[in-house]
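Q: For reference, the chains in residue letters:
There are 2 protein chains.
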Amino acid sequence: MEKEFTEYVKKMTNINEAVSLMYWDLRTGAPKKGVSQRSEVIGTLSAEVFAMSTSDQMKTYIDELSQEQVYSSLSEVTKKTLEEVKKDYERNTKIPPEEFKEYVILQSQAESVWEEARERSDFAMFQPYLEKLVEFNKRFIGYWGYDGNKYNTLLDMYEPGVTVDIIDATFSKLRDRIVPLLQKITEAGKPDISFLFEKFPKEKQKEFSLQVLKEMGYDFQAGRLDETVHPFAIGLNPGDVRVTTRYDESDFRTAVFGTIHEGGHALYEQNLSEDLVGTPLSTGTSMGIHESQSLFWENFVGRNRGFWKHHYASLKKYAGGQFDQVDLDAFYKAINIVEPSFIRIEADELTYALHIIVRYEIEKGLFNDEIEVKDLPRIWNEKMQEYLGITPENDSQGVLQDVHWSGGSFGYFPSYALGYIYAAQLKQAMLREVPEFDELLEKGELKPIQEWLSRNIHQYGKTKKPMEILEDVTGEGLNPDYLIRYFEEKYSSLYSL
Amino acid sequence: MEKEFTEYVKKMTNINEAVSLMYWDLRTGAPKKGVSQRSEVIGTLSAEVFAMSTSDQMKTYIDELSQEQVYSSLSEVTKKTLEEVKKDYERNTKIPPEEFKEYVILQSQAESVWEEARERSDFAMFQPYLEKLVEFNKRFIGYWGYDGNKYNTLLDMYEPGVTVDIIDATFSKLRDRIVPLLQKITEAGKPDISFLFEKFPKEKQKEFSLQVLKEMGYDFQAGRLDETVHPFAIGLNPGDVRVTTRYDESDFRTAVFGTIHEGGHALYEQNLSEDLVGTPLSTGTSMGIHESQSLFWENFVGRNRGFWKHHYASLKKYAGGQFDQVDLDAFYKAINIVEPSFIRIEADELTYALHIIVRYEIEKGLFNDEIEVKDLPRIWNEKMQEYLGITPENDSQGVLQDVHWSGGSFGYFPSYALGYIYAAQLKQAMLREVPEFDELLEKGELKPIQEWLSRNIHQYGKTKKPMEILEDVTGEGLNPDYLIRYFEEKYSSLYSL
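Line order of the protein sequences matches chains A and B.
Just so you know, the working numbering puts 231 at position 231 of the first sequence, and the rest follows in order with no gaps.
Just so you know, the working numbering puts 448 at position 448 of the second sequence, and the rest follows in order with no gaps.
Please note that a few of the clues may not be correct.
The list treats identical chains as interchangeable, and a pair is accepted whether it falls inside one copy or across any two copies.
[Stated by the list, open to error] Simulated crosslink set (BS3-like; lysine-lysine; CA at most 30 Å straight-line):
1. 11 x 101
2. 132 x 150
3. 59 x 11
4. 59 x 10
5. 94 x 11
6. 86 x 447
7. 11 x 86
8. 202 x 86
9. 206 x 33
10. 490 x 32
11. 33 x 374
12. 33 x 80
13. 3 x 464
14. 138 x 214
15. 184 x 59
16. 204 x 138
17. 32 x 204
18. 383 x 199
19. 3 x 101
20. 202 x 383
21. 3 x 80
22. 199 x 132
23. 204 x 317
24. 138 x 199
25. 316 x 10
26. 317 x 202
These aren't lab readings, by the way, just hints derived from the structure by calculation.
Build the full structure now, drawing on both the sequences and the hints.
A: Take a look at the structure:
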């Protein structure tokens with residue numbers, strides 16, 4: 001039975017791999033006129049996987065393999081796999097099919113309405129759809145059940161084991177320390193960053209990005225770098241993990257930091273244990289831990305002074321003139337500029353967390369009936385003013401900016417900030433074993449860093465839960481202190497506070 | 001029932017589209033380390049389509065929809081679709097599953113043995129595998145049945161309606177006229193072609209190729225051009241038909257004529273009727289008709305003097321110096337050089353047919369028990385000497401050169417030569433409606449040519465059989481006279497015979 005189950009799950013995984021390749025292709029150069037038919041193909045294969053995950057056959061496997069005597073004879077990988085498919089089975093079968101179908105239709109309508117609403121900065125247009133999306137998700141929580149707080153059920157989908165209690169304690173501490181720090185920074189005045197925006201030819205940006213990716217330990221025999229509009233990394237299997245990036249010739253940061261960020265995601269997927277291939281365990285364990293990897297590389301490596309001590313000469317060469325009059329300190333300060341802004345995805349590392357906290361507090365309020373959808377624009381703007389000191393001029397700069405809610409993704413946002421917190425905790429743990437961290441960066445030796453992350457995190461895939469990874473690696477649970485310390489030390493020094 | 005059947009077939013078509021994308025990806029830049037897992041995914045999806053094509057469900061559809069009263073109510077597209085799936089069903093279910101499994105294993109073993117045998121030029125190594133492959137196919141013919149000649153059953157897989165009798169009459173006439181023509185050409189002496197082999201930068205070859213593709217009417221909103229080792233065109237759906245090519249900086253002909261050739265295939269797939277999408281009819285009607293399209297463009301357009309009268313100045317510009325001392329006539333003569341050679345895929349348009357005839361005669365002999373596998377090297381070399389006047393020095397230059405037989409593809413080769421014959425017949429028919437053909441080429445106006453081909457051939461996909469297309473368009477059956485006349489006129493003039 002274990003063998004048949006393994007084959008069954010492998011088939012699902014294989015179909016998903018085909019879907020992932022189509023997704024990559026659509027976003028890196030698939031001809032426009034083929035898109036609608038390609039979307040149908042994706043629909044066909046996704047429906048097939050969904051059907052398999054909720055089939056009677058799957059139920060039989062789950063029931064039989066869960067029997068105590070059978071279960072104890074299973075391999076560790078099969079045990080964990082069983083746990084995953086069981087979770088999916090329960091989540092997917094508890095919603096009445098008719099209701100789910102209605103929800104899928106609503107999702108796709110809501111996405112296109114949201115696009116137009118954002119365009120027009122017209123929240124009222126989107127409001128009824130968002131209300132329905134929230135209603136559906138509340139009903140789903142009813143079907144799925146919840147523990148302690150209704151919102152926990154949504155959080156669990158992206159960050160298993162993380163609850164409202166944990167996040168409340170963490171985020172409030174973070175918020176209470178970042179807000180005053182940000183005020184001091186704002187008062188200290190802005191550094192000169194004008195030199196960042198000179199023309200830096202795309203091809204040269206690409207060469208530099210490729211060089212950094214290689215140093216990070218990204219394996220080009222198991223991946224490739226392509227261009228896209230909204231960059232992402234995608235793991236098809238550990239031997240084929242692709243990075244995409246976007247080039248802005250008047251701001252090299254988009255491609256360089258974007259590639260480092262996506263490269264961090266890619267290293268995770270490239271270094272999953274081969275034993276997990278063909279199972280749902282062969283991917284990052286959670287959104288937040290995945291994000292911790294991309295942010296680790298982007299910020300703790302890519303925005304580190306030592307890293308640029310090593311790379312700045314090379315960047316100057318590729319840029320051809322742009323930085324000739326700019327010394328390392330001025331450059332370092334510019335790429336670490338902190339400045340409150342409206343759009344999350346354009347935010348600096350310090351204010352980014354505040355953007356997330358705004359969203360978290362709103363989502364929690366919505367699912368605990370403390371906030372109504374109709375009040376979102378006001379509440380959004382109030383929180384932005386309170387935490388970031390700025391008020392959006394319109395809703396497209398505010399509550400309408402993100403795609404997530406239009407697709408019914410609630411509970412997803414916190415993972416981004418959790419990624420920051422994890423990353424800082426991991427950095428602290430790494431320093432115990434790799435105390436020469438800064439020196440390695442100054443020498444351009446990034447491989448030991450990748451190896452440490454692969455050994456401690458990547459290889460396990462989903463066999464360890466996020467909190468398990470965190471505790472095994474750092475010896476403690478979620479703790480924002482390291483991130484706070486990092487921010488306070490770094491920005492006190494940078495802004496001479 | 002028709003609706004369910006249509007949905008069922010659409011699902012198969014959609015899965016096939018995913019497989020095709022994976023095939024394209026593997027050949028245009030998929031990372032090496034992901035290949036073996038990707039092959040498994042292809043295996044999973046192909047097996048799924050095979051299972052669907054031979055399922056009890058499929059049998060029920062076939063039986064029910066074939067009932068006279070039901071059948072008469074079906075749409076034309078469904079009728080033709082039913083015919084296709086029925087043919088597949090019968091072909092695939094008549095072979096005992098165990099035997100088919102054994103055959104699939106043999107195929108993959110034979111392919112790798114063939115690779116090594118060709119490398120070492122050691123036919124004896126490949127012989128036992130080839131013997132088994134022939135034996136299996138003979139047994140399959142037993143299961144499938146045959147009409148007139150056993151080899152007809154194999155021919156029918158690639159070129160429905162074409163039989164040994166038809167080909168014998170056609171190929172022997174062709175052979176009897178080409179062989180003496182080739183002798184005269186060989187005696188006339190070679191033109192200077194040394195200027196073809198100067199360095200022509202890849203990027204410039206690409207720009208020129210793109211320009212020609214665009215003029216041909218290839219729609220870049222429904223396709224793209226990529227690099228590969230063995231060029232091909234692939235239709236995923238009419239809105240996404242991709243061309244691949246290879247650049248040889250010391251011989252621009254590889255990319256330029258290769259791109260025109262694959263572009264010809266691509267135009268076929270881009271201009272299939274939208275009504276056929278989601279059915280097995282949404283592709284070229286046969287190997288031979290497909291090849292007629294690529295050869296039409298490559299030879300009747302791409303090797304036409306008028307075409308180069310228009311394009312030569314542009315090619316010169318892209319080449320940057322290479323052709324400055326070469327006048328149009330010398331260039332035209334060089335790109336039409338005829339010279340007997342050993343390797344089929346490197347052959348010129350005249351000798352190419354002879355390469356195919358050698359293979360056809362051997363395959364026919366094998367399946368009629370007139371030739372034994374062990375005698376192939378000798379027979380191959382004798383025929384090469386007889387028709388082309390040259391004898392391969394070893395088997396890798398001879399009987400081992402092609403991959404086809406190692407994969408069990410017998411009956412495939414004749415399509416290549418049929419493609420030439422069809423193309424010449426189509427050209428003749430086109431001239432009746434587009435008498436200004438040569439002038440259009442001189443003016444670089446290729447669009448009317450594409451439109452004629454799309455209107456008369458492409459749009460129908462598989463709804464018309466090859467012979468039906470031929471008769472509808474030309475008013476007659478297979479007739480090699482037009483190709484012979486084209487060869488005789490062209491080469492008599494070129495070589496002043």
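Q: Of all the hints given earlier, name the ones this structure violates by number, lowest first.
A: 6, 8, 10, 11, 14, 15, 16, 18, 20, 22, 24 and 25
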